[in-house]
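First to last, the sequence lines map onto chains A and B.
The numbering used here applies: residue 1 is where the first sequence begins, and numbers increase by one.
The numbering used here applies: residue 404 is where the second sequence begins, and numbers increase by one.
No wet-lab data here; the hints were simulated from the structure.
A portion of the hints provided could be inaccurate.
Said to hold, decoys possible - Among chain B residues calculated to face chain A with C-beta under 8 Å, some are: (1) Arg485; (2) Gln496; (3) Asn499; (4) Leu504; (5) Leu507; (6) Leu512; (7) Pro513; (8) Tyr516; (9) Arg560; (10) Asp606.
All C-beta atoms in this analysis are idealised placements derived from N, C-alpha and C, irrespective of residue type, glycine included.
Single-letter residue listing:
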Amino acid sequence: MRLIQSFRIAFKAILAKKGRSFLTMLGIIIGVAAVIILVSLVQGYRDQMMDYWAKQGENKIQIDYYLWGSSKSLDEELYTYCQSLDEYIEGVTPSASIWGGNISHGTKRLQDSQVFLGSDQYSICSGFVLASGRDLSYVDVKNANRVCVLGDYAKEKLFNYQDPIGKNILIKGERFTVIGVYKPLYGTDEGNGNDEWMHQYYDGAVVVPYTVKRILEPSMQINAFIVKAKDKESTTKAISYLGNWFSARISQDNGYYDVSSSNTYIDSTNEETRMLKIVLGGIAGIALLVGGIGIMNIMLVTVKERTREIGIRKSIGAERRTIVGQFLIESSVLSFVGGLIGIAVGALGTVVLGKVLFNMTLYPSMGIGLGAAGVSVLIGIIFGAYPAIRASGLQPVDALRGE
Amino acid sequence: MNLIDIKNVYKIYNEGLDSEVRALNGVSLQIDRKEFVAIIGASGSGKSTLMNVIGCLDIPTYGEYALDGEEITELTDRELSRIRNKEIGFIFQGFNLIEDLTALENVELPLIYRGTRPSERRGLAERALEKVGLADRMQHHPKEMSGGQQQRVAIARALACKPPIILADEPTGNLDSRTSADVMALLREMHSEGSTVILITHDDGIAASAERVVRIKDGQIIADSASHTGEETP
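When you get a sec, could you build the whole thing from the sequences and use the hints?
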């Protein structure tokens, strides 16, 4: 009963002071929304990057090497060495592509195509999954068979909805038989501009056994490889083994080599976004603090006015706890409503800004939002109830004087 | 037993310092039920302090004050609140209405604190406002009303609770002579309906409405038309 009365009085007071109530909430709204938006944008950016790296394949080691003025190739040796590392390594493939020009099937064309030279472990290393047909085999590579596996986009361009398996296509005038099709690596269903480009590039792949380069591009040297390691730990181990292997064969005098993994990029992306999050989170925290100080100011400025009001209420018989209850409820309701609006504005702002700025569908980080809302609600309650707690302890006559 | 029994009350500010002020310097005063008393004094005489003590808005530094047999200086905040709510109706010079509430809500407020049911409360508040002639101003805010109207809202607020004691501190101090006459008429009406009315004023003309006039100067009572000595009441 008494509580209902306190709520009734508090709501009356809030509605009666619309301007002041709104200003009080504004600080909380801006603070909470800023925290949510900034942190969510950074989080979204990070997730997007992680997604990219995940699709590029985690635990992938990239090897580049070159020997100055020598036609000697380390390829065979490297392969053999990689076989011996099978404790850590799942697959190895050359990482090289040649420009295929207009690849055609009948009247259909795949323009500006990239022909990727792969081993039988190409799909393992690239993250491709077979959709139909079969993958490149050891025999295909060994015998330099004129076969190819198509990416989803390449298949669509050359065969539309026909089954391409067993059909022939022309690559630089040479006939190749399609033996398989990969599932798309980048979906196009999200209508995401970035993914659209990735889809055309990666899923436009035409993969052939690397040994057929002697037909397509005889003068080309393959000096980049991708090694797929089993896990994070294996990646680290394999990198160090491969590094040692190269350092024994290549020095600064006769060439260069580079062995690195996407894990390094992932770690640095993680680190980078962690820093961004701290910095932007800090800025947003300052916004929240300023908002809190704003609330504090408004509450304290009105202490005088409110002290008189409390004096009046006491003189007509309000008990101390009734008054404190009223002000506590009043400031809690204001702060909660402000916090909720802040969360809503922050969530909406995250989605809208994510679309406008990054063309991404971002989701607000609710944990951070709730934390920010909690802090501001606490500030609101403490400084809202402060005048009441102080003034209600005065003799009514002193409170009436408004100090 | 007297309704109000004040014995040798002192209110001292900054006690013991050079700036010590004795707003009340040994006041004794007895007021009986259904009296209409005017306490008259110049500004700074201590009359407002006396009213604050009578109305339980302030606690005396020394002395005893029994209201309806209850010793005020020994009561808790809660008990004092109950007395202010049920026993006393205040009418202040500055009206002391809550600006953000309508006339009706202001009048309802003491009833809310008393715990009166909403339906009953509304009826009581409306009747009180009708009685002071503000039936058509119930939804107005204090700012939208003249001083006389605001004072009548304050009177309605005091009336609605039907308290045995009405304490009016310079109720006409901010009003012109015509509205002052209205306010005084309302006070006389409350008295005739059985309330004890205590009127604080500096104006002999206003004080003439009362049955009994108590003069206060420098924190002491210097004259009392009833010549009550506090020994006994007839």
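Identify every previously stated hint that the structure contradicts and give their numbers, smallest first. 2, 5, 10
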